[in-house]
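Note that the UniProt record's numbering gives residue 897 to position 897 of the sequence shown, counting from 1, and the numbers run on in steps of one.
Since the hints were derived computationally from the structure, they do not count as laboratory data. Treat the hints loosely; a few may be bogus.
[What the hints assert, rightly or not] Here are the simulated distance ranges between beta carbons:
1) Q245 x I985: 20 to 26 Å
2) L784 x N869: 43 to 49 Å
3) G486 x P108: 39 to 45 Å
4) P1109 x Q911: 46 to 52 Å
5) V84 x N416: 38 to 44 Å
6) N416 x R164: 17 to 23 Å
7) Q245 x K771: 53 to 59 Å
Even glycine gets a Cβ: it sits at the ideal position worked out from N, Cα and C.
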Amino acid sequence: MAIKVSVTGLFCFCFPIVLASASLAADVDLCGVGKIEGKNLTLALNFTEENAMKNGGECSRVVFLESARVKLVVEQFNLANGAVFEIYDGPSPEKGQLLGLKADTGLPLTYITTSNALFIKFRDSQKKEGPSSFRGKVAPEPYQHMCRCRSVDNGTLECSESDRERSCKVKCQPSYMDLSISKEVKCDLVKGEWDIDIHNMHIACQKVQSPLQIKALLQFDYVNATCKDADSEKIKSAFRVSMEQNNDVKTKGVCFAPGGDENVDCKGKEVQVNCTGDKPARMIITITDRVTKPPTLKEANVKLQELITAYKNLNLDNVLNSKDLVMNNGSDSFTPDKASASIKVTPLCDNLQHYIKVPGNDTSFVCSTCPLHHAYNTSTHMCEECPSGSRASSGAISCTKSDGTIKMTPIKTPCNSACMKGRHVDSNSKMCEWCPQDTYQNSSTRLNPTCMPCPDQKKTSFPGAQSVEECRDPCSSGSFYNTSSGACQSCTIGSYIDVDNHALTKCKTCSVGKTTRATGSKDSSDCYTRCPPGQFYNSDSKQCTPCGKGKYQDKMGEDTCMDCPMNKTTLNPGSKSSAECIMLCGPGQFLMESNGKCDDCPMNTYQDINQHQNKTCKSCGPDKITNATGKSSISQCFEKCSKGQFLNKSSTKCKRCPAGEYQDQLGQEQCKKCPPGHYQDLTGQEQCKKCPAGKYQDLTGQEQCKNCSTGEYQDLPGQEQCQNCSTGEYQDLSGQEQCKNCSAGEYQDLPGQEQCKKCPSGEYQDQPSQKLCKKCPSGEYQDLPGQEQCKQCGTGEYQYLSGQEQCKKCATGKYQDQTGQGQCKNCSTGEYQDQPGQKLCKKCPSGEYQEQTSQKYCKKCPEGKTTENKGTDDSKACITIDVKSKFELSLRFASLSWSEELKEEGSMKYQETKAVIEKAIQFEFRYDQSFESVEVTNLKKGSVIAEFDVSFNDKADYNPVKVLQEAVDKGHVGNLTVSPQSLNILHQPCHQPLGMENGQIKNKQITASTFFKHHEPSEARLNAEGGRGWHAKYFKKTEYLQIDFESEVNITGVATQGVSSEEHFYVTEYKLNMSKDGIVWHEYTENNKSKVFNGNNDAETAVRNDFAPSVQSRFIRFLPQNWNERIYMRVEVYGCKPINLPVPSPTTEADVAAVTAKEEKWPWGAYLGIMFAILLVIGVVVAVICWRKKSQEKREEAGTDEALMGMRKHGDGEYRVIEKNAAEPDEYDENVV
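Could you put the whole structure together from the sequences, leaning on the hints where they help?
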């Protein structure tokens, strides 16, 4: 409410202050000094011209109450025209609000403040227009009770106040939170209304907890099965194992992390299994998990959302693929129906608590209950107030109707309040009130502030001081406090102050028509009548005296008069205005009627009279001009110049206009400058020339035009500026009429350029004159700038983005056999690709399979199994095989002669020779139980070099070809002569077991860091009967199992098992160390990184890991890194022992050819030797026949199968006696006689 009124009359401030009594209201002088205190006061003013002349024309007062608002009822109101009467809600205009005029202007008018102070100000109109009057009653008004505070369960209200409003918010105790309002509530201090009716609603702080738990509900069907067919414990174990193996779940949650089953909050409730229905049997798996409690609610919400995401991202297909989820009932087998599988993950609070969104924060939730008369909305997760006519108990999820409106009794309880600066909390009303005068309050945030007294007896100008700086040293009478300088200052001329020891900020003004003689006046008696305009105060005569001639005074109450300006005077004394000062003009001037001043005669005129008031000058006459204004004689008039010329004022002669200028009129004293877009390169011209196309001129008065710069053009003449080349164009030359087009492969996105830009790599442009380039589409690229087209991605590459500089290689598990493609194709099942950027996928090799697409590697068939074909896509295609070790060897048979027929495998000669060699080799392995077979695969010249394969079973030792090697060293294999040291190993198999399972490795060769009784290192044999295994004493990653092969072997792989028992103990991850001397150990690495091998997922299945390439070592250590409950291991090592053969003779086919060549050129002595040899052979043959006959007779007599003696021809041409088994017929060896 406000008033600012202008009425007729003058104010007189002359009424004394009368304090209120219990029965009679006191009359108070509005224009008195100081604050008005008390109750039931009457402000009375009655102004006449006499009063106004006596008391002055301006005053102000403060009405100040305690513990109440101020109520002003205006009963009488009549003010002079131009006077101002203002009412402020507050202690001063600066700190209060100007109350507006009511629509109802009839009396009485009522004004009520929002606090305890009212400021009234009057200013006189300085006119004498009759009397004025004002009368108003002041009384205390109680505060609005509805703006009082109220109590809050487990908290309180904290409030702050502004001029007209109280704002409050709920402040809860630690571990409590406001789940209903959770925002500031505001009360209009004028109307007494809250924006939310806090006195008729339940406000409480609820106990809250950080949300730490989640519940994952997984469902799937067993088609054609009943709940009796489903093994709940087996299913529970399978899901628990799946969760423990999921790294995301383990790292984000607690219950399935290592040691999580020991957590008291997890134990016994992590996985629950229920079954409903028959055929299908509906399985309902309930998984609960939690996060560790972080220090803040925000961190708890973040961690909980991460855990929820981990469960939502579970690959249900992988989980349901577990073999432990296959249910068996007799011959029937049931697998999970993946199509029916679903998962729902929700936050979980403790019993009777809800997952509630914090009001005003969409990402923060707590576990709590909704307050009284609020219901939990399960969709929005928020507490919503019950509608009118219904109620709810604390923690309810719905409201119930009540018999009538729930009306609560307002709880008016003091609260903690912060006040505006300059206010304090009143101890009675508990509301913010203005501080009394001479005190201050400097905080707007301090709760329940109090007012501080000014230090050192200082004063304030008004109540409601906001800082100690408003406390001022008091001023004496005759002075006021200057807020700008911060010091007391004497009252100015025309004002006074008759109050001592004060902090008033202005002095009283003398009444109309009066002033003071000096500053610092202390009483109204110092004011005297002021002299009217046209007079001045004569200090000698003490009277007003008229201003003399040549002077004037246009103000009232001045001590002096002012002089007329130079060359001016007044006609009479007592002049009241400078307008009465008259001007006299001289030669070359005239008197202007508009302002009464003298001005120079214009061009082509003159004035030769002195001291005049003529209002015009004299004309020079026709065809004559002046060269300047203000001419005083006709002799200063000259003849007119022709076109193209101007009058030179210094020489008074006509001259030609200079280049760059022109003149198209007669009699001009100067030429005109050529305008922009024009030029003139000649003198004395009547007009200018237009700049030609390609040029411009932006200046005036120019002799030539400018060339358009590079990047610009101008196709029109007479232009002030050039135009920028458009985008897609350029101009590299200056002074051009048009721009050039950018070529294909280029662009220009800016105007006014002198060259085009090359399209960047990744873009192209196949059109000229373009603003922008085009991005290469997906499947294409461009690695060079400035190109007209893009390149297609090659095979094995792709690019799904546009505008790229290069293509990407297809990832492993993918391929691309076409060019220009935006994506790669997935390798099919049965295929893989372990290299990026490939055109085709590889088929899984024999012994491996892959049932998924997009795979980098194939999966190996279980130990002892292989596939019949390459490209297998199903593990069921892995079939059991006999593990045999096959050596690929070559050997030179010196006793066999080469024939060209041996080149053909289908020839009779080839098959006969092949059978002879195979039978001779079989003879050497006749006592070796590990020998399986031999097969000749190729025959080569020299004499006959045979390549053959020898296969052994799993009973073979480290060097199964040792028997053959020893026979070759003796020069014979079976009944055939061979070249010693000609045995070559073309391929040695290196994947056979090295002796843990078959016992070739002795117990003494197996040691360990620690072990338990009955679980010694020697128990660590793969598939050992009883399966007790090695058991380490301690749960440390430094425990190890060690094997000594007693000599260096080539290791190509290892296999591990757990313990064969109901406890299911096994190692899930392990490392390997190798050593050649048992002292210096080296960790097995791949790609220069320590290799952690994947171990077992159960206790019985053997898991094999192969090396690439093989490792040569004498010792090997298994170091468990992670395990299922305890460290139990059974192992096997695969590889072979390096076989060191004697260096083979250098005889090759070339050597044989050389020998043959020499034999063809025998000397005659050789022939004699041959003859002698033949005779010797005949003799020997006869002797042998006799010996054999005699021996046969002895053998028949003895009934034995003894070895026969024979003669064999050796490579040196000599015959030696040999023993020969009767089972070997002579026809197999042509050298035997």
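Against the structure, the hints come out as follows:
1. Range check, Q245 to I985: Cβ separation about 44 Å, and the 20 to 26 Å hint is violated.
2. At roughly 47 Å, the beta carbons of L784 and N869 sit within the given window of 43 to 49 Å.
3. For the pair G486 and P108, the beta carbons lie near 43 Å from each other, so the given range of 39 to 45 Å is met.
4. For the hinted restraint 46 to 52 Å between P1109 and Q911, the CB-CB distance of approximately 39 Å leaves it violated.
5. A hinted range of 38 to 44 Å for the beta carbons of V84 and N416 is consistent with their spacing of about 42 Å.
6. Between N416 and R164 the CB atoms are about 21 Å apart, so this pair conforms to the stated range of 17 to 23 Å.
7. The supplied range of 53 to 59 Å is met by Q245 and K771, whose beta-carbon atoms lie about 58 Å from each other.
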